[in-house]
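Student: As a plain string of letters, each chain reads:
Protein chains: 2
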Amino acid sequence: MLIVHVQIRVKPECVEAFKAATLANASASLKEPGIARFDFCQRSDDPTRFVLVEAYRTEEAPAAHKQTAHYAAWRKVADPMMAETRSGVWMKSLYPEDAGW
Amino acid sequence: MLIVHVQIRVKPECVEAFKAATLANASASLKEPGIARFDFCQRSDDPTRFVLVEAYRTEEAPAAHKQTAHYAAWRKVADPMMAETRSGVWMKSLYPEDAGW
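Chains A and B, in that order, give the protein sequences.
Everything in the first sequence is counted per my numbering, starting at 1 for the first residue and increasing by one.
Everything in the second sequence is counted per my numbering, starting at 1 for the first residue and increasing by one.
Think of the hints as simulated: they come from the structure by calculation, not from any bench.
Every residue gets a Cβ at the ideal spot worked out from N, C-alpha and C, and that includes glycine.
Wrong hints could be hidden among the right ones.
Okay, derived cross-link-like pairs now, PhoX-like style, lysine-lysine, Cα gap no bigger than 25 Å in a straight line [as the list claims (entries may be wrong)]:
1) A/Lys19 to B/Lys92
2) B/Lys92 to B/Lys66
3) A/Lys31 to B/Lys11
4) B/Lys31 to B/Lys76
5) A/Lys66 to B/Lys11
6) B/Lys92 to A/Lys11
7) A/Lys92 to B/Lys92
8) A/Lys19 to A/Lys76
9) B/Lys11 to B/Lys76
10) A/Lys66 to A/Lys92
Stretches of chain A that chain B covers, calculated by requiring three or more beta carbons in the stretch to come under 8 Å of a beta carbon on chain B [stated by the list, open to error]:
11) 23-31
12) 34-48
13) 81-95
Looking at chain A on its own, in the form it has when it is part of the complex (with noise of 0.2 Å):
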């Protein structure tokens, strides 16, 4: 399983557009047969901070993910949004095993 952790920060007067257009992305990619989890995080200490936590099942996938109408979609909403740059971590999952995700 192959994570990517997005950071993301909005400006201040996007942030109720911008939950409802990742909500939609979110429940859109879960349903990829390539993604296994899609989870969409507000941070606790600036509501104007989110996290995408993208879990994919295949080294394909992310990629896969990116020709979708939905991505596309987002992406046309959601980048002027955006207050600077995002920015993504890739990881391994070490824990669970990927049946667990």
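Fit chain B to the supplied structure of chain A, relying on the hints for placement.
Tutor: Relative to chain A, chain B alone:
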């Protein structure tokens, strides 16, 4: 669902021992009634860096976790392996809803 992401960097010579100790803690922690997930990931860009993703079902669950024997055992073994003070960021889950954790 309350989520914490804990960023950890260990001394290079401690990587394998840290993995073993943390795998034991993760599997024991996941059996706690207040814990929904306890993911343990290793960064792809730096094998001395790890992230714990802990998902708690209640506000009381984090304190209950710190009372367990497996947490105490992990702290005793893992603390000397850290290359810097570990840091945690608390979040609330927006997606999935609690049943999806």
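Student: What's the verdict on B/Lys92 and B/Lys66, does the C-alpha distance respect the 25 Å limit or exceed it?
Tutor: holds (20 Å)
Student: Under the criterion that the straight-line Cα-Cα distance not exceed 25 Å, is the pair A/Lys31, B/Lys11 satisfied?
Tutor: violated (39 Å)
Student: Would you check chain B against the segment 23-31 of chain A, counting CB to CB pairs closer than 8 Å, and say if three or more residues qualify?
Tutor: Our answer is that it holds, as 4 residues pass the Cβ test (under 8 Å) against chain B, meeting three.
Student: A/Lys19 and A/Lys76 were given as a pair; does the straight-line alpha-carbon distance stay at or below 25 Å?
Tutor: holds (14 Å)
Student: Between the alpha carbons of B/Lys92 and A/Lys11, is the straight-line distance 25 Å or under?
Tutor: holds (19 Å)
Student: Going straight from one Cα to the other, do A/Lys66 and A/Lys92 come out at no more than 25 Å?
Tutor: holds (20 Å)
Student: Decide if the proposed pair is consistent with the structure: A/Lys66 and B/Lys11, CA atoms, cutoff 25 Å inclusive.
Tutor: Not OK: A/Lys66 and B/Lys11 at ~36 Å, beyond 25 Å, violated.
Student: Holds or violated: A/Lys19 and B/Lys92, Cα atoms, limit 25 Å.
Tutor: holds (13 Å)
Student: Could you grab the alpha-carbon distance between B/Lys31 and B/Lys76 and see if it respects the 25 Å cut-off?
Tutor: This hinted pair holds, its Cα atoms lying about 20 Å apart.
Student: Verify the proposed pairing of A/Lys92 with B/Lys92, using a straight-line Cα cut of 25 Å.
Tutor: Holds. A/Lys92 to B/Lys92 sits at ~23 Å (cutoff 25 Å).
Student: Take the C-alpha atoms of B/Lys11 and B/Lys76, compute the straight-line distance between them, and say whether it is at most 25 Å.
Tutor: Roughly 16 Å between the alpha carbons, so the hint for B/Lys11 and B/Lys76 holds.
Student: Mind checking, does the segment 34-48 of chain A have 3 or more residues with a CB under 8 Å from chain B?
Tutor: holds (count 8)
Of the numbered hints given earlier, the model fails hints 3 and 5; all others are met.
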